[in-house]
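Taken in sequence, the protein lines are chains W and Z.
Take the first sequence: its position 16, counted from the start at 1, is 16 in the numbering used here, and no numbers get skipped.
Take the second sequence: its position 105, counted from the start at 1, is 1105 in the numbering used here, and no numbers get skipped.
Check before you lean on any hint, since a few could be wrong.
[To be verified] Quick list of simulated restraints, FRET-style, between CB atoms:
#1 75(W) x 1037(Z): 38 to 44 angstroms
#2 1081(Z) x 107(W): 17 to 23 angstroms
#3 1031(Z) x 10(W): 26 to 32 angstroms
Source of the hints: derived by calculation from the structure; they are not laboratory data.
Since the model is a prediction, treat every value here as computed from it, not as a measurement.
All C-beta atoms in this analysis are idealised placements derived from N, C-alpha and C, irrespective of residue type, glycine included.
Here is what each chain is made of, one letter per residue.
There are 2 protein chains.
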Amino acid sequence: MNNHSEAPVEAYEPPYYVAVFTAVRTQEQSDYSETNARMEDLVKDVPGFLGMDHAQTPGGLGITVGYFRDAGALAEWRSNAEHRAAQKRGQVEWYRSYTLHVAKVERSYGFTRAQSPAAG
Amino acid sequence: MNNHSEAPVEAYEPPYYVAVFTAVRTQEQSDYSETNARMEDLVKDVPGFLGMDHAQTPGGLGITVGYFRDAGALAEWRSNAEHRAAQKRGQVEWYRSYTLHVAKVERSYGFTRAQSPAAG
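The following block holds chain W by itself, in its conformation from the complex:
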């Protein structure tokens, strides 16, 4: 199976953690893309980081979900100095509003369509 960039993060064996970040951005997006790419790189170095999904409705809501093996992995990411600096800048410049929900996964389930011989 290809690790297609648009394939969602798989269902891991619970328990694990999800951090659901929902955000509406401002018009001021200087350095946002670069900082976002840097954060995506940095978080991969956190032991226990499992993956990240992101979807962005053009002109609307963005949802990012980070998956972590345990609360310690999340705490490490939360205390990362570069990450904290990016959060502060986000409040001042990039985000009109956002919400973070940190939750412990109790149940997970994945579905993948069987390849049809008819489909290319």
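Following the hints, put chain Z in place on chain W, whose structure we already have.
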């Protein structure tokens, strides 16, 4: 504050539940929009339903997050007959792959930018 359709669901007092549904769709989308709208109506009738966020990257990943007061509210939604029928049809027609993560929120946080007098 306006209940702007793009404003994310707020941070409730934990504990509550999130159901994170990440999906990649197929080319076959007959009746998808109508069914999706019907599900959005139906879930609002579930006691303990708190809200829903959705973001869709064009041609890519869709993320839907449902928020529920407790496990009982989620169980009621999961057992809804029309919802179950829609899930089955989704597996046959609409989704190439999807993942569901059901998790209990332990911590939540919201940020809303103060209105600037300079901004319209």
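Okay, the hints, checked on the actual structure:
For the pair residue 75(W) and residue 1037(Z), the supplied restraint of 38 to 44 angstroms holds, since their beta-carbon distance comes to about 40 angstroms. Under the hint 17 to 23 angstroms, the C-beta atoms of residue 1081(Z) and residue 107(W), about 21 angstroms apart, fit the expected range. The supplied range of 26 to 32 angstroms is met by residue 1031(Z) and residue 10(W), whose beta-carbon atoms lie about 28 angstroms from each other.
Comparing the model with each numbered hint stated earlier shows that all of them hold.
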